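Chemist: So you can see what is in the structure, the chains are spelled out below.
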Amino acid sequence: MLTPIISVMVLGLIFGLILGYAAKVFAVQGDALVAEIIEMMPGTNCGQCSFPGCSGAASAIVKGEAAVDCCPGGGRMLAEAIAARLGVSLEAASEDSGPKIAVVSESICIGCAKCFKACPTDAVIGASKQIHAVLKDACTGCGSCTNECPTGAISLEPIPVTLRDWNWEKPALAA
Amino acid sequence: MGIRELLTGVGWGVHPHDDHKRPAADVPLRVMPTPAKLCIPLLQHVGAPAKPLVAVGDRVLRGQLIAAAQGNVSAPVHAPTSGRVAAIGEVTAPHPSGLPFAAITIETDGLDESVSFKTVEDPFSLTPDEISQRIAEAGIVGLGGATFPSAPKAQLGRKHSVHTLIINGGECEPYLSSDDSIMRERADDVIDGVRILMHAVGASKAKVGIEDNKPEAIAAMRKAAQDFAQIEICPVPARYPMGSDRQLVQVLTGKEVPSGARTATIGLLVNNVSTCAAIHHAVRHGEPLYRRIVTVNGGAVAQPGNVLAPIGVLVEDLLAFAGLKSEPARLVMGGPMMGVALPHAQVPTVKGCGGILALTAEEITVVPPSPCIRCGSCVKACPMGLVPLELSAQIHAGDYDTADAMGLDDCLACGCCAYVCPSQMPLVQTFSHAKGEIWRRAQQKKRSEFTKQLAQARQERLEREARERVEAAARRKAQRAAQQAAAAAADNNTPSEGAGA
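Chain order of the listed sequences is A and B.
Counting from 5, one number per residue, gives the positions in the first sequence under the working numbering.
Counting from 3, one number per residue, gives the positions in the second sequence under the working numbering.
Keep in mind that the hints were calculated from the coordinates and are not lab data.
As the structure is a computational prediction, the values presented were derived from the model and not from experiment.
Note that CB positions come from ideal geometry on N, CA and C, so glycine has one too.
Just so you know, not all the hints are guaranteed correct.
[As the list claims (entries may be wrong)] Mimicking PhoX-like on lysine-lysine, the simulated pairs with C-alpha atoms at most 20 Å apart in a straight line are: (1) B:K225 to A:K140; (2) B:K448 to A:K104; (3) A:K104 to B:K161; (4) A:K104 to A:K133; (5) B:K448 to A:K140; (6) A:K67 to A:K28; (7) B:K225 to B:K257; (8) A:K121 to B:K454; (9) B:K447 to B:K437; (10) B:K207 to B:K225; (11) B:K257 to B:K207; (12) A:K174 to B:K161; (13) A:K118 to A:K133; (14) B:K225 to B:K209; (15) A:K104 to B:K454; (16) A:K133 to A:K121; (17) B:K447 to A:K140; (18) B:K437 to B:K454; (19) B:K207 to B:K161; (20) A:K140 to A:K118.
[Said to hold, decoys possible] To spell it out: a stretch of chain A is covered by chain B in this simulated footprint if at least three of its residues, at any positions, have a beta carbon under 8 Å from a beta carbon of chain B; those stretches are: (21) 86-92; (22) 125-135; (23) 158-171.
Here chain A stands alone, though its shape is the one from the complex:
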C-alpha cells in the first residue's frame, strides 16, 4: 500500500523539479509567434497599417486586433502566408487588386522632395526642384509617399504585366 504512494510521490517530485528547471532554462523571451510574423512582414516600418511599425502590426495580428491583410506592402501573398500560419481563414471579401507600385506623374511633380523622405525603402529618388522618380524594384507599394505629396503627383498604380510575369488564369472546373 505504502510503496505505490511513495513511488508516485517521488516520481512527481522528480518531474516537478525537471519541469521547474526547464521552465527557467528554456524560457522564451517575448512571443515566438510574433517574432515569426515579424520575420514574414516587409520590415519597412512604413506605418500604413496604422500600427507602430511591423513589430507593432505583428503583435496586433497575433492578438487578433488587426486583420491578417492589414499590410498594404505585403499584399495578398503576405496575408495568405500569415493566415496559413495562424490557421485563420482569409475572408473572400478582401479581394486583392494585385500588387501596386508608386508612379510619379512628371507633369504635376514640383520637386518638393517630401515624398522621398517618407519612403521606407529609399525607392523614390530625386532632389529639390528636380522631378522625382520611383525605382520599380525597390518600391513595396506601401503608399507612404502618396500621403506626403502636396500636388497628388505620386500615386499607386498596378504593376504593368509583361511577357515575363504574365500567367495563365486558373481554369474553371466543371460546376
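Once you've looked at the hints, dock chain B against the given chain A.
Modeler: Relative to chain A, chain B alone:
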C-alpha cells in the same frame, strides 16, 4: 503493362489516330519570296534579349548583325534580307497573352543584297572553341522549340565530357513536318552539322532518333550517314511526346535523366536536326540563322506544306503565300499539342517556330469540362510519371506547395493528360497556371527580402546621421568652449604680460 508496352517498350504518351502530317509532309519544299515587311524580334531565345545595333533609317543587308547578344546565355539577331530599318519598337509577341515585345521592323527592298560570309574549308581543323564561337556569332538556338542558345549548350556538353550526341528527329507533334522536310531534302547538311557538333562537343558517337512514321526521312538520313560509322540512324516508335529530350534519351539509351538535371549530367547532349543543319550553314558557310523551314498546315490552308521562310515574317504573309480556303477559327504557332494560340495574324515568326497552323472550327472542337472520374488515364499517359489528377486537385484546392512537392516542376506541359482525359479537364492550363504562380511567389519573396534590406539600410543611415549630428553639435560646443576659454585666458594674460613688460 499493356500489349503496346510489350511490343514497343514505350508505355507513356499518346498516339493520335491521325497525325495530320500528310499530305503537307510530302509536298516538296517551297521557298517563300521576300515579303514587303519583316519584324525581327530581339528575344527569340532563352536568356537575355539581344541589343539593337542599328538605328531607324539604316540600310541593312542580308546576314548583317542587327542586334548583339547580351550576356552568356543570349543570341544575336541578323537581317534576313536587305532593306531599311523602318522601326525599332514593340510588336505583338507570339504568346497567348497577346502582349507586345521588342522587334526591329525592316522594310525590304527586294534586292536581297548580302554581306560576304566567312566560309571555312575544313571545319574539323578548327578548335572546339572556334566552332562554338561561330555558332554563337550565327545566333543559333535550339530549333526544336526550346530555343536554348546552342553555343553555351555545346560548351556545357564539353564541360560534362559528353560522349554521345542524341540528335532529335522525333518531331512527334501532329501536323508538323519541318524536321521531316529538312531530313528528306537536306540530309547531307544535317549529317555534316552533326559531325561538326560532335567535334565541338568532343563526343565520340551520335544517335539520330527518327519516328518510324517518317520512312522517307529515315532512308535519306541513312544514305547521308552511310560513310560515317560513328553516326547511327535509329528509328523509334511514333509516340507523342517522343520529341521531348528525356523521352528520346530513354528510348535510345535506356537511361533516365534525373529530375531537375540536364541530359549532359549523364553524358548525353540532345540537339534537334534543324539545329544541326543550321550549325552546318554557320560553321562551313559562315551563314547566320536568318531563315528556317516552317510547316504551314491546318484545315483552313489551301496549299499546306513546308516553306523556307525568313525569320520575322508575319504570320499573315506566310498564310497569304500558302493560301487560305476558309477563315481559320484558330491560329497556332507550333503544334496542336504544345503550340501557342495566336491572338491575330500580325505576329512575327521566331527562330523556334517550326509551324503555323490555321485550324478550322471542326478541328478545334471545345467541350466544356466535366468532373474528374478518377479513371487514371492521365496517370498512364504522363511521360514523366506524374499523377495529373492529384496535381490538379491540389492546385484547385490552392495548395501549390504540395503540387510542387509532387513533382509539378517535372511536367513538360506536353498535353498527353488533357488529350486522354474523358472529362476534358483543362489539365495543362491548370499546371501552367500553377508553375507561373509558384514562380511569382518566389519572385515576390526575393523582392521582399531586397526591400527588407533597403529598409534596414535606411534605418541604419538615419541613425548614423542622427548620431553624427549630435556628435557634430558636441564638437562645435566643445570648440566654442575652448575658444571662449582661450579668449578668457588671453584677456587674463594680456594685463599681466603688460605688467611684466
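Chemist: Are the Cα positions of A:K104 and B:K454 separated by 20 Å at most?
Modeler: holds (17 Å)
Chemist: Hint check: B:K448 vs A:K140, CA-CA at most 20 Å. Holds or violated?
Modeler: holds (14 Å)
Chemist: Checking C-beta pairs, does the stretch 158-171 of chain A have three or more residues closer than 8 Å to chain B?
Modeler: It holds, with 6 qualifying residues against the three required.
Chemist: With the threshold set at 20 Å, check whether the alpha-carbon distance from A:K121 to B:K454 stays at or below it.
Modeler: holds (17 Å)
Chemist: Sort out whether A:K140 lies within 20 Å of B:K447, counting only the CA atoms.
Modeler: holds (15 Å)
Chemist: Verify the proposed pairing of B:K447 with B:K437, using a straight-line Cα cut of 20 Å.
Modeler: At roughly 15 Å apart (the allowed maximum being 20 Å), B:K437 and B:K447 satisfy the hint.
Chemist: Regarding the pair B:K207 and B:K225, is the alpha-carbon distance no greater than 20 Å?
Modeler: holds (17 Å)
Chemist: Hey, B:K225 versus B:K209, does the alpha-carbon distance stay inside 20 Å?
Modeler: holds (15 Å)
Chemist: Against the 20 Å threshold, does the CA-CA distance of B:K257 and B:K207 hold or violate the hint?
Modeler: This hinted pair holds, its Cα atoms lying about 16 Å apart.
Chemist: Do the alpha carbons of B:K207 and B:K161 lie within 20 Å of each other, as the hint requires?
Modeler: It holds: about 17 Å lies between the C-alpha atoms, which stays within 20 Å.
Chemist: Next pair to validate is B:K448 with A:K104; report whether the Cα-Cα distance is within 20 Å.
Modeler: holds (16 Å)
Chemist: A:K118 and A:K133 were given as a pair; does the straight-line alpha-carbon distance stay at or below 20 Å?
Modeler: Holds, at about 11 Å.
Of the numbered hints given earlier, the model fails hints 1, 3, 4, 6, 7, 12, 18, 21; all others are met.
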